[in-house]
Amino acid sequence: MTEVSVTMQVGPGAVAAPAPPLVVEHVAKSYELDGGRIMPVIGDLSLTLREGEIISIVGPSGCGKTTLLNTLCGLLAPDAGRIRWHGREVAGQPQNVGYMLQKDLLLPWRTALGNTMLGLEIRGVPAAQAEDRCRAMLDQLGLHGFADQYPSTLSGGMRQRVALARTLVNEPDVLLLDEPFAALDFQSKLLIENDTVKLVREGRRSLLLITHDIEEAVSLADRVIVLSKRPTRVKTVYDIALGGDRRDMMAARQTAGFSDYVRQIWADLDVVLQ
Amino acid sequence: MTADIDNAPVPAPASKAMIAPGRRWLRLRSMLAVLATQLVVLAAFLAFWEYATGQNKAAAFMFGSPSAIFKFLSQMAADGSLLRDTYVTGLETLLGFFVGNCIGTLVGLSLWYSRFVSRVVEPFVIALGSIPIIALAPIIIIWFGTGLISKVAMSTLSVVIVALVTSYKGATGVDPDQINLLRTLGASKFQIFRKLVVPASLTDIFAGLKLTVGFALIGAIVGEFMSSSEGLGHAIFKAGSLYIIPKVFAALVATIALALALTFAVGKIEQLLMPWRRQLR
Ligand SMILES: Nc1ncnc2c1ncn2[C@@H]1O[C@H](COP(=O)(O)OP(=O)(O)OP(=O)(O)O)[C@@H](O)[C@H]1O
Ligand SMILES: [Mg+2]
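Read top to bottom, the protein sequences are chains X and C. Per my numbering, the very first residue in the first sequence carries number 1; after that it's consecutive. Per my numbering, the very first residue in the second sequence carries number 1; after that it's consecutive.
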């Protein structure tokens, strides 16, 4: 079974090296439906996210990707298995983890700056210092001059950039992203992918990206994990070895091996029209 | 990284100065058109009323007439009773509106905190909400006397349940993903309440405020009907029992003016408290 190869890399009796940011072991999760029926969503899932690594997760629609992400960041409790952040199991929300969805979830009553400041404000960082950091982050993401506008006056791509700034300004070690760019047009998507990868790699952060877009999955990631249908488990893991600059999404898409990976993963997903 | 995004090379803060003069004129013109049409409709209605009651003495007695109403209005203004009655009813309404909305909104919002408590409370709220306030009036007068307090109490009771229900609806309508986001940012339950639930409920709270202006006024006037020596309700009741129909209408005009003024004030406060909604246009 292919999933074993992932679990074997870091066992419970790990070595002296610092523990990887995220280790998931045999996690299972089910929902109780209205009639009292139990629907298993995550079957038995294990994976390891190493420091500085980017993993893309693809899987059939409705297989439980969002459920997995919500379980990882402590919003849902797993039925079984262990989730260890930097070697430790945490109760509730793990620290230093950034979370971002397809919906930008910006608060309409806060400006771009106010939205970006949310995390620092919650943690009690002094307002002046928080503002400086947030303005710098917005500038870095190409939003210079838009800091004082309300979300309703920004385009979809800009709103998602503000959401990214809100996530990154907290300096998370690990980012958990659930189809964050799915709603964007192709150009905005490529640009924001580039910026995301650059900031993740520069900051030695780790990234777990859920996506439906196989090309996005391959161009960004060091590894692509394919999930099976519900109840989901790891079906196959692909190590993506593309030459060239891995920070340039357009270049990555033009490398020799790219389309082979895409074709293989597409076949592996066995998507059927329903 | 510095690439321009979304074809917006120039930072364009949306300010008043951005609106081209032509567009401002267009907006002004459509506003004027609405206003002019409203005035025409009103004038036509008044003219018809005046004409119809001028033809027929009995009709004039039964329905009053705009000119008679105006006569009474200026007479009441001259002897000071118009201002006095409007002030009295306005004060009762405002106090009832304020107290009722404060209590209702506080309770409604804080019910967000506990699913358990809100489920316990729910049937009681529905039961209280179904009581016609007028049925309580005699008891209120026994408890609070015939002065200001009993009218404020009537007004408060007319408002409080609506305020509770609308603010609770606003608080529980918050997007669960948004709550999850704040949780992953490390927010405590109180921080989620203060930074998310309260501001997100403002839209519903203000919808409730606008609705309850009328309810507060009804409460105060019903209270005055029951027993009072002053106020617009008192004036309406007295003129009605003496069959002075135009004077009833004159007091009604003052009542409507009061309701409009309060609604206008609530709208202004809403604009002040929710500036992000102005930028939408
Ligand atoms: N709160 C819930 N209660 C019951 N069932 C749920 C709940 N949330 C999700 N489900 C079900 O669990 C399954 C997995 O949902 P999930 O959202 O995790 O899938 P997904 O892989 O993210 O799907 P998509 O690719 O469409 O985003 C679906 O069948 C969904 O209907
Ligand atoms: Mg999903």
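Among the hints, a few may not be true.
Mimicking DSSO-like on lysine-lysine, the simulated pairs with C-alpha atoms at most 27 Å apart in a straight line are [said to hold, decoys possible]:
no., chain 1, residue 1, chain 2, residue 2
1, C, Lys-210, C, Lys-268
2, C, Lys-57, X, Lys-103
3, C, Lys-57, C, Lys-238
4, C, Lys-169, C, Lys-195
5, X, Lys-103, X, Lys-229
6, C, Lys-169, C, Lys-210
7, C, Lys-189, X, Lys-103
8, C, Lys-71, C, Lys-238
9, C, Lys-195, X, Lys-103
Here chain C is said to cover these stretches of chain X; the calculated rule only asks that three of the stretch's residues, wherever they fall, bring their Cβ under 8 Å from a Cβ of chain C [said to hold, decoys possible]:
no., segment
10, 127-137
11, 238-247
The hints are simulated quantities; they were obtained by calculation from the structure and are not laboratory data. Idealized CB from N, CA, C, for every residue including glycine.
Results of checking the hints against the structure:
1. For the given pair, Lys-210 (chain C) sits about 11 Å from Lys-268 (chain C) by alpha-carbon distance, which is consistent with the 27 Å threshold.
2. A hinted pair counts as satisfied when its Cα atoms are at most 27 Å apart, and Lys-57 (chain C) with Lys-103 (chain X) does not qualify at roughly 68 Å.
3. For the given pair, Lys-57 (chain C) sits about 22 Å from Lys-238 (chain C) by alpha-carbon distance, which is consistent with the 27 Å threshold.
4. The hinted pair formed by Lys-169 (chain C) and Lys-195 (chain C) meets the criterion: a straight-line CA distance of about 17 Å does not exceed 27 Å.
5. A C-alpha spacing of about 24 Å is found between Lys-103 (chain X) and Lys-229 (chain X), which places the hinted pair at or below 27 Å, so the restraint holds.
6. Distance hint between Lys-169 (chain C) and Lys-210 (chain C) is fulfilled; the C-alpha atoms sit about 16 Å from each other, no more than 27 Å.
7. A distance of roughly 22 Å separates the Cα atoms of Lys-189 (chain C) and Lys-103 (chain X); the hinted pair therefore holds under the 27 Å criterion.
8. Proximity of Lys-71 (chain C) to Lys-238 (chain C) is assessed by CA-CA distance (about 18 Å); at most 27 Å being required, the pair is judged to hold.
9. Annotation: proposed proximity of Lys-195 (chain C) to Lys-103 (chain X) holds, straight-line Cα distance about 19 Å (limit 27 Å).
10. A stretch counts as covered by a chain when three or more of its residues have a beta carbon under 8 Å from one of that chain; for the segment 127-137 of chain X and chain C the count is 0, and the coverage is violated.
11. Note: the segment 238-247 of chain X has 0 residues with beta-carbon separation from chain C under 8 Å; the three-residue rule is not met and the coverage is violated.
The structure does not agree with the numbered hints 2, 10 and 11 stated previously, though it agrees with the rest.
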